[in-house]
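There are 4 protein chains.
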Amino acid sequence: MESLSASSALYIPAPQSPCVSMRALVKPDPGPGMVLQEVPVPTPGPNDVLIRVLVAGVCGTDLHIWEWDAWAAGRLKPPLVIGHEFSGRIEKLGPEAEAEGLLEVGDLVTAEGHIVCGHCLPCRTGNAHLCSRTRIIGVDRDGAFADYISMPASNVIRLDGIPPEIGAIMDPIGNAVHTVLAGAEVPGSTVFILGCGPIGCFAVGVARAAGASLVIASDLNARRLELARAMGAHVTLNPRDDDVVDRIRELTGGDGVDQVCEMSGHPEGHAQAFAAARPGGQVNLLGTPSRNTEVNFARDVIFKGLTLYGVTGRKMYSTWHAMQRLLKTGQLDPRPVITHRFPLEAIGDAIAIIKDGQAGKVILEVGK
Amino acid sequence: MESLSASSALYIPAPQSPCVSMRALVKPDPGPGMVLQEVPVPTPGPNDVLIRVLVAGVCGTDLHIWEWDAWAAGRLKPPLVIGHEFSGRIEKLGPEAEAEGLLEVGDLVTAEGHIVCGHCLPCRTGNAHLCSRTRIIGVDRDGAFADYISMPASNVIRLDGIPPEIGAIMDPIGNAVHTVLAGAEVPGSTVFILGCGPIGCFAVGVARAAGASLVIASDLNARRLELARAMGAHVTLNPRDDDVVDRIRELTGGDGVDQVCEMSGHPEGHAQAFAAARPGGQVNLLGTPSRNTEVNFARDVIFKGLTLYGVTGRKMYSTWHAMQRLLKTGQLDPRPVITHRFPLEAIGDAIAIIKDGQAGKVILEVGK
Amino acid sequence: MESLSASSALYIPAPQSPCVSMRALVKPDPGPGMVLQEVPVPTPGPNDVLIRVLVAGVCGTDLHIWEWDAWAAGRLKPPLVIGHEFSGRIEKLGPEAEAEGLLEVGDLVTAEGHIVCGHCLPCRTGNAHLCSRTRIIGVDRDGAFADYISMPASNVIRLDGIPPEIGAIMDPIGNAVHTVLAGAEVPGSTVFILGCGPIGCFAVGVARAAGASLVIASDLNARRLELARAMGAHVTLNPRDDDVVDRIRELTGGDGVDQVCEMSGHPEGHAQAFAAARPGGQVNLLGTPSRNTEVNFARDVIFKGLTLYGVTGRKMYSTWHAMQRLLKTGQLDPRPVITHRFPLEAIGDAIAIIKDGQAGKVILEVGK
Amino acid sequence: MESLSASSALYIPAPQSPCVSMRALVKPDPGPGMVLQEVPVPTPGPNDVLIRVLVAGVCGTDLHIWEWDAWAAGRLKPPLVIGHEFSGRIEKLGPEAEAEGLLEVGDLVTAEGHIVCGHCLPCRTGNAHLCSRTRIIGVDRDGAFADYISMPASNVIRLDGIPPEIGAIMDPIGNAVHTVLAGAEVPGSTVFILGCGPIGCFAVGVARAAGASLVIASDLNARRLELARAMGAHVTLNPRDDDVVDRIRELTGGDGVDQVCEMSGHPEGHAQAFAAARPGGQVNLLGTPSRNTEVNFARDVIFKGLTLYGVTGRKMYSTWHAMQRLLKTGQLDPRPVITHRFPLEAIGDAIAIIKDGQAGKVILEVGK
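From first to last, the protein sequence lines are chains A, B, C and D. Quick note on numbering: the first sequence equals residues 1 to 368 in the numbering used here. Quick note on numbering: the second sequence equals residues 1 to 368 in the numbering used here. Quick note on numbering: the third sequence equals residues 1 to 368 in the numbering used here. Quick note on numbering: the fourth sequence equals residues 1 to 368 in the numbering used here.
Bound-form chain A, shown alone (with noise of 0.2 Å):
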C-alpha cells in the first residue's frame, strides 16, 4: 500500500502547453495503484461540455479500482482517468449543447456519470440506470480526477447555490435518495438502515429529511453510528452488542420497520434486513454481496408480503430532482459525513484511510 501511494505522488510533468493538458490521476496499465499524470484536456464532442473540477469524491468503487480486483481487472481497460463523483464549473461548450442555451460557461455544476443510450427500453420507460450500455466515468470511459472532464450536456446538472464540496458527493448521496424514496412513503414511517458507511449516513440525514418517525441505522464500526447519529438516526445498533432484530421489534412495538435499506452487502445483512421488515414492508437492497444469500423464501418473503427492490444507480432524473430539493433547503446536510480532505496527489492516502474503515466520505480538493 505504500509503495502504491508513493507511486501516486509520483508527479510526472509533461511536455506539452498547460492549455492544452492536465493533471490527471490515471490507471496506466492493468495492475494496482494510480499514477498522477499529466494527459491531454479532453475535447468536448458537440453536445459535450468541458468541466474545470473542483473538488471529487473518492468511493469504494475507487478502492477496488486501486486495488486491481477481479472486477476491476474484468471491466477497466486502461489507460483511464479514474474518479466518478465530481464538481466543476463549465469552461467550454460543444456547439449543439451551446444552441440549446441551458447551460452556461462559468456555471458551477455536477453531473450524473451512467452515460446512458437514451434509446432502449429501460432508458426510454423511465429506467436509464438501467441501460445496459451504460457507459461511467472513471470506469469505463475518462473520468473527474483530473482537472478537466467531458462530459454529455445532458448528464450535467447545475448546483444553483449548492455548494461544491456537497455538489462532489452528489452521486452518492443519490444513490441514498433512490434507496430511501424508492417505493416507500416516508413521512411518519419507521425506516432501519442495515449499513453505515457513507451512503448509509446519507439515507439516515434522508430519512430523516423525509419525515420518517423513527430512524434506526445498525453497523458493526462504532465510528461509522457516530456519524449516523450526526445525521439524525434515532437508535443505533451494534451487532457486536445488541440483537438488532430484537431491539427493532422492540421499538416498533413487535411490528418490524415499514422500511429497510440495506446498504452493506453482508449476505448476514440480507437475513436481518427480511426479518426487521415489518409484514407488508418493503426492503430496498443496494449493498452488493460477493456471495451468494441463502434465503428463506417462504418464511421470510411470501408470507410476509415483502416487496423486495435492488437498487442501482440514481433515477433520471427524478432522483436528481429530489435530491436538490432536499440540499438547497438544507433539509439534508451530508457534510457531517465528509470526514476527510485531500489534494489530487495524495490520492494514496485517501485510499489508505478508506480501507482502515474509519473515514466517513473522502473528498478531494481538485481546483479553484
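In short, the hints are calculated from the structure, not lab data. Small disclaimer: the values here were computed from a predicted structure and weren't measured. Hints are supplied without guarantee of correctness; some may be wrong.
[Stated by the list, open to error] Below, in silico cross-link-like pairs of lysine-lysine (DSS-like), each with a Cα-Cα straight-line distance of 30 Å or less:
{"hint": "1", "chain 1": "C", "residue 1": "Lys92", "chain 2": "C", "residue 2": "Lys77"}
{"hint": "2", "chain 1": "B", "residue 1": "Lys328", "chain 2": "A", "residue 2": "Lys328"}
{"hint": "3", "chain 1": "B", "residue 1": "Lys77", "chain 2": "B", "residue 2": "Lys328"}
{"hint": "4", "chain 1": "A", "residue 1": "Lys328", "chain 2": "A", "residue 2": "Lys92"}
{"hint": "5", "chain 1": "D", "residue 1": "Lys328", "chain 2": "C", "residue 2": "Lys328"}
{"hint": "6", "chain 1": "B", "residue 1": "Lys92", "chain 2": "B", "residue 2": "Lys77"}
Based on the hints, put chains B, C and D in the right spot on chain A.
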C-alpha cells in the same frame, strides 16, 4: 345569536338516576341552536363500545347545524345529539367487541366518525370514506357533545399516548393528512395551502412534518396566517396585499408548486389553485364551495397535465395510521391551532367565536 | 393411500336428527387421512351467516393435511372439518348480519377463507391478507368439506351470476389474480408463468384477460402445459426440452419479460425467474419452497433493478373485486382447468388424483 | 372551401434539381388554406435523421391550421410545412445520430412530434410532454406533409413490423393510449369513452385490448358510433336518444364507471363525465373545450372523491412503449377507424371530409 347562546346555557336536570342519564347538546327540533339536555346514556350493541367523552372538537359543520342552514335542514333528523370530533375513555364493551380482545375498559381512544357499511365497492377497495351508506355521528346518528357515546368497535382508535386534547381533533387533522399526502410525493416538494382555517393550518404542519421543502400558505385573515406561521409555513400570503400567483411563481423559480391543497372552498380559490400548480402538478380539493366554479379546462388542467383529487373524510385507516405516527413522535404538533377551550354548556360561546373568524380550533372540555 | 381412501369412504350415520347434524370430512385425530362423519350443523354467531355448501375445491394444502406432513402436524388441532374453497347458498343470518341488510337467505355466495382481526396495522392499511391473527377455515377452524359452514358476514361474497362451480374455486383464482395484477401494468406486457398447477393455469388466463401481449408458461408436466395452453398461453416451455431462459430472451427481443409469476415453489424456479425478468422487471412469488434458495443478489436483483413481491392470499377485497369483474364478463373462464369432479365421500380418490400430478383443479360436488 | 381546395391542388414545379427539392404542403402566409410547393429537402443536423415520408395522418389540428382560426393565427409563423403525424423510411443520419448506432438507413419509423428541451423539470421527471419549450412539427417547425422531414434521432421510433399506415397515426393512437392507461387499473374495469372522433375510437380499442370488462362509447354522430362499435365498444349511446348518465348507471349496477375518458371537449361533456364516474373513479380529460365549464366541485368532485387528469400528448416514452406492444401483437388494430386515403395534393378534399364530420381517420399516401 345571543338568544341561541343563552338557550344553550339553560341546563335542565333530568329525573333519571345519574348512571343511566347524561348531559348532551341536542338539536331537539328543526331550527337554529342546540340545547343542553339530560338524555339516556346509550346502550352499546354487541359490536360497540361505550366511551366516556373527555374532549370534543367544534367544527364548521357544527356551525352549519347550529344555524340550521339549507344543508343542515335537508340532512338532519332531530332530535339528535350533535358533535363528531372527540376523545374519551372506554367504559364498556359489547360482547362481540369484548370477545375480539383488542380494546379494553379504560383505554383512551378517539374514533372515525364515519360509520360505513363495510360491504360496498368503495368499502371493499380502500375507499370506505366514499361509502354511500355512511352515517356520520352528530349528523346522521347521535354524536359526541355528550358525556357518553356508543361507537362500533371497528371505528375506535386507541390514543396510545397521544394527549386526549389532540385525540379530540384527529378527525380534522385526518382531513389535513388525507389532503396533503394524497397522490403527491411530499418529501422535498413545494406545497401551497390555500385557506388557513383549522384544517388548513393542520395541513401546513403535516406538509412540514412530511418533509416539504417549501410550504406557502394564504388567507385573507391575518390571525389565521399567524397560526399558519406557528405551524411552520415558510411564507404566508394575503390576497389583500399580495399577488398570490405571481409570488408563488417567484418563489418556485417560475414553475409553480408541486402540490396545492385547496382548503378555502371559494371558487376564486380554484382558479388560483390551478394557476399556482406547476405543469404536471397536483391539486387536492377539500374546501367545499357553495356555488359553481368556472373552469378553463384547456388552459388550466389539460395543457398543464394537472391532476385534481377531491378529498372527503379520511382514508380508513391508512390516513389514521400515518396521522398516529406523526402525532406520537411529535413531528406534528397541532396544539398551536387550538385557540379556545370551553365547557360543554358554553357551546353558544364556542359557536360565536368560530363565526367571528378569529378562532383557530375550538374545543369543548367535557369530562375527566 | 388405498387404506386411507377406504377409511374416508366409510360413512358413519349419526344418531342426531337430520336438521341439526350434517356430513363433514373431518380430521378426527393427528395423523394421515380424513373421515366422513356426522357432526353438528354449526350455529352462526351474531355477525355470521350459515351457508349450505354446494361445491368445494380441493387444494394442495388439503393434500398436506391428508398426508399430515410436518406443516400440518405443527398447525392443525384436530378434530377439525377440512376444506377452505367453496361456494354455497345462504341458509340463515345472525341478527347483526341480518340487520345490515346486505345479504339474504338464498343468496349464492362464496367467501374469503382468511378470517382476520380487522384492527391491526395490516388490516387497517390494505394488507389484511397479512394479519397475524388470521384464522383460515379448514386449517385453524372448521372448514367447508361439509354440508354447512358458518362464516362471518364480512367474508362472504355474492356470486351475482358467477356459476357455483367457479365460485367454489375463487380462492385459488384469487391467488392468481393477486399474483398477476400486483405491481405490474399488465396491458401490453410480457408475462412468464413459472409452474402450471391450477393456480399457474389460472394465472395464464388472468394475464390474457388483463391484456398481456405475450404469456409464456413452463412446467415439467406435459399435461399441465396442455391446460396452460387451454387457458391461453401463447408459448409453453418444458425445462426437460427447452432452455427456458434462452427461449424467453429470444421471444422478448433479448430483454426478458416484464413480469414473472413464480408459482412452482422450486428453488431452481427462483433462479430462472430472476434470469427471465427484464431489467427493471417484476417477480411475484406465490409458490412456497420447502427449502432455502441461494440468491446472487448483486447480479440478479440489484444490478437488474428487479422488484420482488411475496404473494399471500388475496387482497381484501380489491383482488376479489377485480376477479368478480373478470369472471362475470367471461373474460376469464377457469373451467378448462377443472379436470375432475367427485362427491364428498370420494375425497380419497380426489386426493389420490392430485397426488398423481395429472389433475388440473379437482372439485367436490357437495350439495344442491 | 372549394377555392382553398383548388389552390392546394395547384402544383408549382420548382427549378431545383430533384435531389435537393421536394414536394411539401406549405402555409405560405397567414390566412386560410395550404399550398403544395417545391421546397428544399431539409438538411439533418448532427443529432438528426432525414426521413422519407410514406404515409401521413391528417388531424383536427390541421383543420384549425387550414382554416386559420384564432389559435392558429396566434401560434404559427408562416411559411411553414404542415403535418405532424407520419411514418417513413430513414434516408440519412447526422454524424452524432449515426455514431449512436441505434438507427440505420432504411429503417421504417415514425416519430414523436413534440420536440422537447430534455433539461427542464418536466423533461427530467417523466413529464416531457409538458415541457414548456416544446416545439411541435407542423406547428412550430416544418412538418411532415412533405416528401422528407428531418427529426431529432431521439424522437424517432422504429416500426419493427407495424405497418406504415398504422405507424403514420401513432401520434393520435398514443393520445388514446395515454388517456386510457393514465392512473386507472384497466383490466376488468368499466370505461366510458365520451366522444368518438378518431382518438375516441382508438381509445375504445385500447380499453378493450387492456382488458376492460365494459366499454361504453357516446357521440351525437351515428357514423362515429358505428366506428366505435367496430373498435369493440360493448354499448354505444347517442345523447339524442339516450339519457347517457342514467344508462351508464343502469349498466354498472348503479355505481357509475371506473373511468371516463373525456374526448369531446364539450363543456356539457364535462358534466356528463363527472356524473358518469363512480365514487372514487377517474376522469381523464383529453378533449380541449373552447370555452369555460361550470363545475359543481362539491357535489361532482369532492364528495365523490374523483380524480381528474389533464391529458396532453404522449408520455415520452412509456406511452409509446405500451402502444408498440399493443400494435405489434394486433391486440389493438386501429385500421377500422381509417376511412379515407388521399394523395398529398388532395389535402383540400381531406380537410373537407374531416370538416363534414363523417370521416374517421383520414390519411395521406405520400411516398413509397
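Contradicted hints - numbers only:
Of the numbered hints, just 3 does not hold.
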